[in-house]
Every structure is written in C-alpha cells, then in structure tokens.
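Join the two chains, each given in its own frame, into one complex according to the hints.
Going down the list, the sequences are from chains P and F. All residue numbers for the first sequence refer to my numbering, where the first residue is 49 and numbers rise by one. All residue numbers for the second sequence refer to my numbering, where the first residue is 68 and numbers rise by one.
Please note that a few of the clues may not be correct.
[Claimed, not checked] Derived lysine-lysine pairs resembling DSS-like cross-links, with alpha carbons at most 30 Å apart:
1) P/208 to F/261
2) P/85 to F/148
3) F/229 to P/85
4) P/208 to F/248
5) F/248 to P/151
6) F/328 to F/130
7) P/388 to F/148
[Unchecked claim] Listed next, with one range per pair, are the computed distances between beta-carbon atoms:
8) F/98 to P/101: 22 to 32 Å
9) F/104 to P/366: 12 to 22 Å
10) P/184 to F/93: 34 to 44 Å
11) F/408 to P/149: 35 to 45 Å
12) F/271 to P/330: 52 to 62 Å
13) P/160 to F/260: 13 to 23 Å
14) F/407 to P/308: 45 to 55 Å
15) P/114 to F/93: 20 to 30 Å
16) P/96 to F/126: 57 to 67 Å
17) P/174 to F/95: 28 to 38 Å
18) F/227 to P/110: 40 to 50 Å
To be clear, the hints were calculated from the coordinates, so they are not data collected in a lab. Only a predicted model underlies this, so the values are computations on that prediction, with no experimental measurement involved. Glycine included, every Cβ here is placed at the ideal spot set by N, Cα and C.
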Amino acid sequence: MGFKPHLRGEGGKKIMSQLRRDPITGRWVEVAISNPKKCDEFDMKPQVKKGGTCPFCPGNEKMTPPEIEAIRDIKTRPDTPGWTVRVVSNKFPALKIEGEIDKRGIGMFDMSNGIGAHEVIVENTDHNKDLADLTQDEISAVISKYKSRSLDLENDARFKYILLFKNHGEAAGASLEHSHTQLVALPIVPKRVKEELKGAQNYFKYRERCVFCDMIAQEQQEKERIIFENRNFIAFCPFVSRFPFEMWLLPKAHSSEFKSIDDSAIYDMAGALKEILSRLKLRLNDPAYNFIIHTGPIRDGIYEEYHWHLEIMPKLTNVAGFEWGSGLYINPTSPEITAKCLREACAAK
Amino acid sequence: MPELRRDPVIGRWVIISTERAKRPNDFNIEHTDEPEMECPFCEGHEKKTPTEIFAIRKPGTKKDTPGWNVRVVPSISPKFKIEGELDRRGVGMYDVMNPIGAHEVIIESPRHLTDIYQLSELEIQDVINTSIYRISELEKDIRFKYCLLFKNHGLKAGGSKKTKHLRSQLIATPVTPTRVKEELRGSRFYFEYKERCVFCDIIRQEIETGARVIMDTKTMAAIAPFASRFPFEIWIMPKIHRADFMNMQTDEIKDLADVLKAVFAKLSKALNDPPYNYMLHTAPFRRSKRPGYWHTIEEDYHWHIEVMPRITQVAGFEWGSGFYINPTPPEEAAKYLREVML
Chain P
49 MGFKPHLRGE GGKKIMSQLR RDPITGRWVE VAISNPKKCD EFDMKPQVKK GGTCPFCPGN
109 EKMTPPEIEA IRDIKTRPDT PGWTVRVVSN KFPALKIEGE IDKRGIGMFD MSNGIGAHEV
169 IVENTDHNKD LADLTQDEIS AVISKYKSRS LDLENDARFK YILLFKNHGE AAGASLEHSH
229 TQLVALPIVP KRVKEELKGA QNYFKYRERC VFCDMIAQEQ QEKERIIFEN RNFIAFCPFV
289 SRFPFEMWLL PKAHSSEFKS IDDSAIYDMA GALKEILSRL KLRLNDPAYN FIIHTGPIRD
349 GIYEEYHWHL EIMPKLTNVA GFEWGSGLYI NPTSPEITAK CLREACAAK
Chain F
68 MPELRRDPVI GRWVIISTER AKRPNDFNIE HTDEPEMECP FCEGHEKKTP TEIFAIRKPG
128 TKKDTPGWNV RVVPSISPKF KIEGELDRRG VGMYDVMNPI GAHEVIIESP RHLTDIYQLS
188 ELEIQDVINT SIYRISELEK DIRFKYCLLF KNHGLKAGGS KKTKHLRSQL IATPVTPTRV
248 KEELRGSRFY FEYKERCVFC DIIRQEIETG ARVIMDTKTM AAIAPFASRF PFEIWIMPKI
308 HRADFMNMQT DEIKDLADVL KAVFAKLSKA LNDPPYNYML HTAPFRRSKR PGYWHTIEED
368 YHWHIEVMPR ITQVAGFEWG SGFYINPTPP EEAAKYLREV ML
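Isolated chain F (complex conformation) (with noise of 0.2 Å):
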C-alpha cells in the first residue's frame, strides 16, 4: 500500500511508494563526457571571472592573483544587479519591481575539483566560513530581505555546461521569496501551538527512532526527513536550536564539515555521481519596523540545508499540486546511504 505523508513544516503532502521501492541500482545514472571549456574558476585564471569580492589567500599574494583556497567573485551571467533603487510600483492589476540583488559565486577549491567530498575537512571549513562572512555581509546592504545560499550539481540540476568546477553561488533578493515565507510561516504556527521548535521536534523524533538517520554527530545530522518529496533527499540540521546559518560556533562549523564531506561521498558512491541541488535554509534578514513582526523567529526558527538529488523527473502532477509521489522511501535511502563503506 502506498502512504500519504505529510510534512510538518509546511503541510506538504507526499506519496511514498513502498512497493516495488526503487534501490539505487534502479536510477542507472549516465554520464557522458563532454569536454568542458577552459575553466574560468582554476588558479591562474582569475582575469577571467569579474574583479574578487573576498578570498581567503595566502599573505602577501594579491587580489585576483594565485595563492587562494576560497574566492568570491560576481556571477559572469548574473540574474540580479547590484546597481539602482528598488522602485516598486503597480502596472494595472500587477506588481512589478526592479530586480535589484546580489549574485555572487564562491568558488570552493582552487583545484579544478567537481564535489564537495573531493575536498579535505579544513577545506570544507573554510568554505563555510567564508559563506558566512559573505552572508553577512550582504545583510548590511538594507536593500535585501533574503540571502540564499545554492549549489547545482550536474547538468540536470542546472549546472553549466562549460565547467563543472566546484563553487557555490549566492543570492541576495529585495523580496523574501514564498516557499521561504511557507516555510517561516509553518514553524511559526507550529511554535504557537506548542511553544517548541518544530526543527528541534524533528530532530529529537528521527534520533530517538533511529530509522531515518544517516549520519549523527556531536552537533549536526544528517536524515532522510519523513515526507521526502525525492528519492534520497537529505535534510542536514544542526542539534542545537539556531535560526541563523551565520551564528554557528566553531564546533559546528568542525562537524557541519565532517557531514558534509561524508554525506556527497556516500550519495556520490551510491548512486554514481548523480546530479543534486542544495541550498541553506537560513532565517531571512531581520530589520523590519513592524513591532513584534519578528518576535519569535529565534526561537521558532532552524536553520537547516536540503539536498535534493535530481534523479527522477518532476512531471505535471508534482508542478500542478505541490503532491510528489518519491518510489524510494526515505528509511531504505537513509539505510543505504548508513551502509555504504567510504
């Protein structure tokens, strides 16, 4: 029998099939080797991308030169513009603005790597660090309301077709966009009605259960989350309540690091590099005037990054309803990913 769950943030509802369940072997992940254009993100060609925002390099070399781990510049192609003035306005019936914003990609290895776990567990360190500093530092620009936090792996996840280099990308938004608002929405109800962390509920629950957990640490874990919309879809959540990416200790950063490099070599081994798409989900910039509009955020709020591999295709049912039917459930992913050996 198929089940209907239903995902206690947002009330979204997914079908599992639990019959004839889809094991990784099923997905048959294919790859054709395309030659990739001479890399603009490699060390030694930092002339090609847009003037370096922030790097971490070594003293004494220079900006936009060798001598990086991690470095920050402007999209090549950017979706918003940093330039101008809000200028929102009515058309008619309609709303329209000018899509002022930040777009920014962290290029995470001076190496032409193309995964995460290819990196060490200091190097994926200094990535973290370096995404928040640059988080930070966009909210100061009071322009922008949200900062999310990507990556697309893979063609079918959106990645380019030039490079597969290994980066992150940013994007600071005017507006807070509405699954964000969904989300913030969900653990706000939820926290009313129950003065807890629907986050810190969800954690508590799959520890104590044990069936969903893929990896658990000190202070972070991995799980496959109980309303999966995809096959091996990964929640990483931090065990201690926090609502903002950027205020995390060092010893979250530490295991926020371990996790993730264990957890895309485990999915990268499992299903043969299969493409996938992550992005944080953090609190969004807090500066509105309306009194108490805020007032709970800190405590009904968790940060958390969604990995969301993109091995099946989302058809017209999925896009019509927000209703995802997932062949693979979540306890036999979240068993497979345990089990497999690095």
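Only chain P is shown next, with the shape it has when bound in the complex (with noise of 0.2 Å):
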C-alpha cells in the first residue's frame, strides 16, 4: 500500500503538508503533500546555447590542456579530433595535481595546501547534444571512463575521495555549455560523505542491514515514487526529496564503491540514465540540474553499510535563508507527484 498522508489536523483543519526526516542524514524535510505544487507550475525557459568558439568542440583540441585518456579511433594522435569521449584536465583547477600535502595549524586554525586533481570529461562531439540526447552506448562509453579514471586516481595516496558530478545549464553552475562531467580527487573526505557514512553506519549497527537495500525494498513495495527499474538499476523520487523532482539512482546490488561497477551493470546505469534525464528534459523543458555520484572513500575497503548511488538536483526553487541556516528543507511538491509525473513522461527513443 502507498503511504495516505494524514489530511486532518486539529478542528479539522487541514494539514498541507507533512515533514519527513531522512533515514540516512537525520535531515529532516517539510513536503508539501495536500496542496502541492503541480509539474507545470515550476517555472522553466529552455536552456539556450550560445554557441561561439567551444575549447571542447573537435578541432579545437589545443585549447585545452594536454589530453589525459580518450576514446579514439586507433589512427589519431591524443590532442586531434578522431576521439568519441574526450578527458582533460580542467583548465582553471580548484586545486592542483603537483606537489606533497602540508598540513598544517595556524593558531587554532587547520589547513593544507590545496592538492587535488580536478578533470573534465567531455561527454560526446556535438556541442548541442547533452548527456539525454546520447545513445545508450554512448552514454555507457562515458561512464566507463568515469570508472577509468577513478580507479587510475586511486593510485595516488594523497587522495582519499573521488567525486564525480555534472553541472547541466547556467543556473546550476555550468560555465562551458558544451555537455560535460567534472571529477575531482580531494585530499580529504568530504563533510557531506562523512555524514552519510556514518548514517549508514548507525543504521547497520542497529538492523544489520544496509539502509539504501531496505529503502529499495520499501521503494519496490510501494512503488509510488519509482520513475524508472530495469535489471540492475532503480531511480525513483526519494521519500524525503529535498527538492522538486529531485531523483536517485542507485545500483540493486550492494556495492559501496562506484569503480566496482562491471560492464553489464554499466550498460544498465546508462539506460536508467537516459531514462531519467530524458523524461526530465520533456518534462520540465530542459531544467538545469546538478548529479553527483554519491560512492565510498578511497582505500577505504569494502562498507557493509554503505551503498553507492547517484544524486540529480534539479535546479527549479532557490535555495533561501532558511534552509541554509538550518539544514531544514522545504519543498514545495511531493516525490510521489514528481513520480508519477515522470513515469507518464513519455521518454524519447
């Protein structure tokens, strides 16, 4: 059975809305579920390439900074056109790839030196294509370097985390149009992961079961927030979305680390992608969003408890006063109206 949200309060008032608190993070959520916003009431313009001379368009290959893996036709040289997924290193880094970490106080104050590395994968040829418009295999060819690539970081012991995530449209943060994926490798574990692993961790030591495999579980059974399932991936809206239509995927296997993925399961994750993204992209007219992959720390070993998964925020409200101070979000719609607004998207071929 689906959840019925309680419509009475007090006197018969109407509650409009029901807060929910995420089983992972402890954050706690308030969903609109009595008078939601409806799918067309978010306000969307379509996004508009600007075309102009693009550093990632074939041709223009000197633009960037030297080549660092590509798929390619086995006739052309790194650095020439000839390639089907291209990756760089960013040109204007957060941090950078020379050097030993120095860690060090001042005062009460904790620092180091920014060492990192931080690439660029660009995704296919067209500048006008993004990430939805790709075929299956294509999109599978880009996510099989996300893999290459993490597991050839990996191999630096300055890195304890490796996040990949994408940018889609201005309003997210994209500053090149031209469809791409950034990645970077941190000499720390971020904040945010440190969070949800030892969420994770709490919920395992109290149930012995992984919350991500229960939460598919429940997802299955109520199925009212499922957008999208085939063999080895389900995206559905999660229970306490932050945002409007924002939207998980996550592998049905139990696997904590991202580069672990095999190829069979690669082919799946690039259905499941193009699924989503493309019903988001009919949908909503082209929103921008942000995904990220959401994976375990390096050389960490293996978690019981954790399992990866990736994240898609679309960029639709903003962010207020409220919600950054506190933590406490407030979305104005419901993940089983956003669901079910996706699964009747009629996702392009």
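Here it is as structure tokens:
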C-alpha cells in the first residue's frame, strides 16, 4: 500500500504538509502533500546554447590542457579530432596536482595546501547534444571513463576521495555549455560524505542491514515513487526529497564503491540515466540540474553498510536563508507527484 | 597555490583560491528594475496582512492601524502551521511528523525601505528588541525546539518578487535542524577537549591577528571567517560569551545596532547591493528532561549572526560534498570592507 497522508489536524483543519526525516542523515524536510505544486507550475525557460568558440568541440583540442585519456580512433593522435569521449585537466583547476600535502595549523585554525586533481570528461563531440540525447551505448562509454579515471586516480596515495559530478545549465553552475562531467580527487573526505557514511553505519549497527537496500525494498513495495527500473538499476524520487523532482539512481545489488561497477551494470546504468534525464528534459523543458555520484572513500575497503548511488537535483527553486541556516529544506511539491509525472512522461526513443 | 581551510567549529573544509582572487568589481551585480506590487507591509496597509502579533507603536494607536515602528505579523504564506499536535510516527523505515511551527514576519520599518543600513541606529535597536521579545515568547510554547531568525535580501537570496520591503522572518520548529545540531556538537567537542569556547577562541585570535577583522567595537566584532564558504561572508559575534541571543544587555544591543548598520552599508556599497541571507545562530530552547543533556551549553556555545552574500552559484560540487570553493580570500574581503568609506 502506498503511503496515505494524514489530512486532518485539530478541529478538522487541513494539514498542508508533512515533515519527513531522512533515514540516512537524519535531515528533516518539509514536503507539501495536500496542496502541492503541480508539475507545470515550475517556471522553466529552455536552455539556449550561445555557441561561439568552444574548447570542447572537435578541432579545438589545442585549447584545452593535454588529453589524459580518450576513446578515439586508433589511427588518430592525442589532442587531435577523432575521439568520442575525451578526458582533460580542468583549465582552471580548483586544486593543483603537483606537490606534497602540507597540513598545518595557524593558531587554532587548520589548513592544508590545495593538492588534488580536477578533470573534465567531455561526453561527446556534438556541441548541441546533452547527456540525455546520447544513445545508451554512448552513455555507457562515458560511464566507463568515469570508472577508468576513478581507478587511475586511486593509485595516488595523496587522495582520499573521488567526487564525480555534473553541472547542467547555467543556473546549476555550468560555465561551459558543451556537455561535460567533472571529477575532483580530494586529499580529505568531504563532510557530507562522512555524514552519510556515519548515518548508514548507525542504521546498520541497529539492524544489520544496509539502509539503502532497505530503501530500495520499501520503494519497490510501495511503487508510487519509482520512476524507472531495469535489471540492475532503480530510479525513484526519494521519500525525503529536498528539491522538486529530486531523483536517486541506485544499483540494486549492494556495492559500496562506484568503481567496482561491471560492464553489464554500466550498460544498465546508462539506460536508466538516459531514461530519467530524457523524461526530466521532456517534462520540464530542459531544466538546469546537478548530479553527483555518492561513493565510498578510496582505500577504505568495502563497506557492508554503504551503497553507492547517483543523486540528481534539478534547480527549479532558489535555496533561501532558512534552508541554508537550518539544513531543514522546504519542498513545495511531493515526490509522489513528481514520480508520477516522470513515469507518465513519454521518454525519447 | 590554492589553500584548503577547515572550519574549527563543524570541521567543514573550504578551498580558498589565492591566485586570480576575485575582487568586488569582478562580481558585476546587476539589478533589473521590476515593478513591485502594492506593498502590504507599508504603513497604512495594515489590513493587508494577517492580524498583528506584536508592534512597537505610539501610545494611543490601535492594533493594525498606522503609528508603529516595528510590527510582527504571521507570514502570509506560512511554511509551518501553529495549530495542532506534533503526531510523530513511522511509515515503514521512514519517520514523519506534522509541520507544527510558527512563521512570523518582522516588518522592520513602516517606510518602504529595502536594506537595514537605511534605518537609524535607534530604529535598528527597536528591531533587535522586537526579535528578542518574539523569540522569548515562542520559547514558551513547549512544542518548539528551535527558533530561526533570518533574512532573504534580493531575489537570488530567496526574497519575494512582490515587495522588497525591509523585513526579517522567524520560524520556530518542532525539531532541531541538522545544521544547528552540527554546530552544537562541534562546539561541545571543542569544549570537552580544551575547556574553552571555540567562538571565544576565534574572536581572540581574529582580533590579535587583525587581518580578517571588519569592525571591532567594545562588545561586538564583525569578521570574515577563516574558512569562509562564500566571497564576503561575514560573521558578527558578541565579544562577551553568551549562548543565547536573548540574554544580550543594553550596551550590547546598542553595539550590535551600530555594527549591523555599518556592515550592511559597507557590503551594499562594495558590491552594489548584492543579494544576501543572514541568519541568527543561537542556542536551542532548553527543556530536555534528559539529565546532563544541556550540561555545558551555556559554556560551550556562543550566539552569532552569519551573513552570506549570494554572488556566486553554488554548483554540484558544493552540494555533493559540503566542500566549498571560495574565489575571494577572507583576508582580502575584510580589507575591502574595512576600507569602504561610508
């Protein structure tokens, strides 16, 4: 049975929303349930590509730092056309790759020099095609590069965490419009990741089950928040969605590290990603979004209690002072409504 | 070389770019003059808001009529409802609760002003006194655990399209928000180890080094924090250790009003009226029956105000990792703000 909202409060007054608690991080979110915003109430302006000279287009390979890896025709040389997916260093890296880590204190404050890797994965040659427009095989090739870069950077003992993320559209922080994903290797484990790990560990301590596996089971039982499922992957709008149309994509088989994904799972992940991104694009007129792969820290071994996954956050609302200050999010719509909306959106072939 | 800096309270890391640092002129804040709707918060329009909860008004004037300096009303579109019971329950593995809470608007001036520095120091003191009064009133409702005072200035900061009228908001919640808990936990951890308040240590070190100080008065200091997440982030902190905003004394209220006026005037001038959020971080309402739960909070926690200009896009990287990239070192931000002539 699906979850039925509690509609009446004291004196028969309608209760318009509900506070929901994330079972992993303990974060509370207020979700509108009895009078939520409908899908067509979110203002969207379609993204307009400005064009112009693009460093990621074929023929402009010299405009980027030298290529790290590429899927290319064997007859072609690096930094020339003939590639389909190309990995380069970020021209304006947030962190620098050279040097030793130098952690130190300044009085009571702690700091370190900014050692890390910052790479860009150019997903395809066509300036006007987004990830959602690629074929399942093409997306598989992109994901296989996520994997090979993760495996390669893991060999560098200075790094503790590899973060893969995508900013799509200006409102989501994309500075270049040619579709790309970014990878940052960090010398520390970021706080958000630590919180998630700790939450998952607390849940496991008590129940000896993975919180994400439990979540998949409950979603499959209730069905109303599921958007898409194939053999290896499931996509749903999480019960505790912070943002309208937030979507999570999880491997059904328990695994704590993204990098251990095999080829058949990569193919299914590509299929599911294409499906949900196309539906989002179609239904909401190509909104800006961010996605982030949440995976375990490197060299930490395998976690029984953690489950890697991908979180997609469309940028449809402005995060205001209240959310920033409290970490308590207010979602003007409900995941039950957005999931239905996305299920019914006819995906592009 | 970029630097990684760690916030001493909650342990969040921030990347500070030291090369190609962004200066105020690099941010190019633009304003489009969109027409505002008729303002429900101006003097004379009292009937357009829900009934007044509290006001500082001239003797002899009646509720919901002109003659006030600061006026508090329930939010027109409340995020939380005041009526009802909490009703905590589980749905399978998930926990849910009714969103019982209070959501009030503090209208900070009867005139149609848009930023706090446009008020006089005395008027700002009225605003502070009103905030203190409302928070202590909300504390009396045992359903509430926390009260958040905040301001959304400008559209990018979540401000309203309809009116820019100067106001702040108060939300009392039945749960302690996670961000607040993190800070409480962080400061308690520091205290257990050092038996000193982490915020007092921050103030002491900042005033000694001076590089990140924007303003320093007898009882209040405004600094650009060492691990600033955003360009021109500002913390306003009392120099006298206090866990609760509500316990401020008269001389502190006076100094806070002076600091608010000067800091926001400088920020507005330096960055061409940037959108910003600020929020009050104060100790939660303390009524837990668990022995020892709030044992050290009076000593380990220290109220303060955090101001976050919203002039950069927070992208996927920041969201996913809680790891921020700040293109303006706080030392430079503080220097610019110190040098802005009013």
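Results for each hint:
1. Distance hint between residue 208 of chain P and residue 261 of chain F is fulfilled; the C-alpha atoms sit about 29 Å from each other, no more than 30 Å.
2. For a cut-off of 30 Å, the pair hint linking residue 85 of chain P to residue 148 of chain F stands: about 18 Å separates their Cα positions.
3. For the suggested pair residue 229 of chain F and residue 85 of chain P, the alpha carbons sit about 19 Å apart, so the restraint of at most 30 Å is met.
4. The straight-line distance between the Cα atoms of residue 208 of chain P and residue 248 of chain F is roughly 26 Å, inside the 30 Å bound, and the hint therefore holds.
5. For a cut-off of 30 Å, the pair hint linking residue 248 of chain F to residue 151 of chain P stands: about 28 Å separates their Cα positions.
6. In summary, the hint linking residue 328 of chain F to residue 130 of chain F is supported, as the alpha carbons are separated by about 29 Å, within the 30 Å threshold.
7. Distance restraint check for residue 388 of chain P and residue 148 of chain F: the Cα-Cα separation of roughly 27 Å lies within the 30 Å cut-off, and the hinted pair is therefore satisfied.
8. Distance hint check: the CB atoms of residue 98 of chain F and residue 101 of chain P are about 30 Å apart, consistent with the given range 22 to 32 Å.
9. For the pair residue 104 of chain F and residue 366 of chain P, the beta carbons lie near 19 Å from each other, so the given range of 12 to 22 Å is met.
10. At about 42 Å, the CB distance of residue 184 of chain P to residue 93 of chain F agrees with the hint of 34 to 44 Å.
11. At about 42 Å, the CB distance of residue 408 of chain F to residue 149 of chain P agrees with the hint of 35 to 45 Å.
12. The supplied range of 52 to 62 Å is met by residue 271 of chain F and residue 330 of chain P, whose beta-carbon atoms lie about 57 Å from each other.
13. Distance hint for residue 160 of chain P and residue 260 of chain F: a CB-CB separation of about 21 Å, consistent with the stated range 13 to 23 Å.
14. Separated by about 54 Å at the C-beta atoms, residue 407 of chain F and residue 308 of chain P satisfy the suggested range of 45 to 55 Å.
15. The given range of 20 to 30 Å is respected by residue 114 of chain P and residue 93 of chain F, whose C-beta atoms sit roughly 29 Å from each other.
16. Between residue 96 of chain P and residue 126 of chain F, the C-beta spacing of about 59 Å keeps the proposed range 57 to 67 Å intact.
17. Separated by about 31 Å at the C-beta atoms, residue 174 of chain P and residue 95 of chain F satisfy the suggested range of 28 to 38 Å.
18. With their beta carbons about 48 Å apart, residue 227 of chain F and residue 110 of chain P fall inside the hinted range of 40 to 50 Å.
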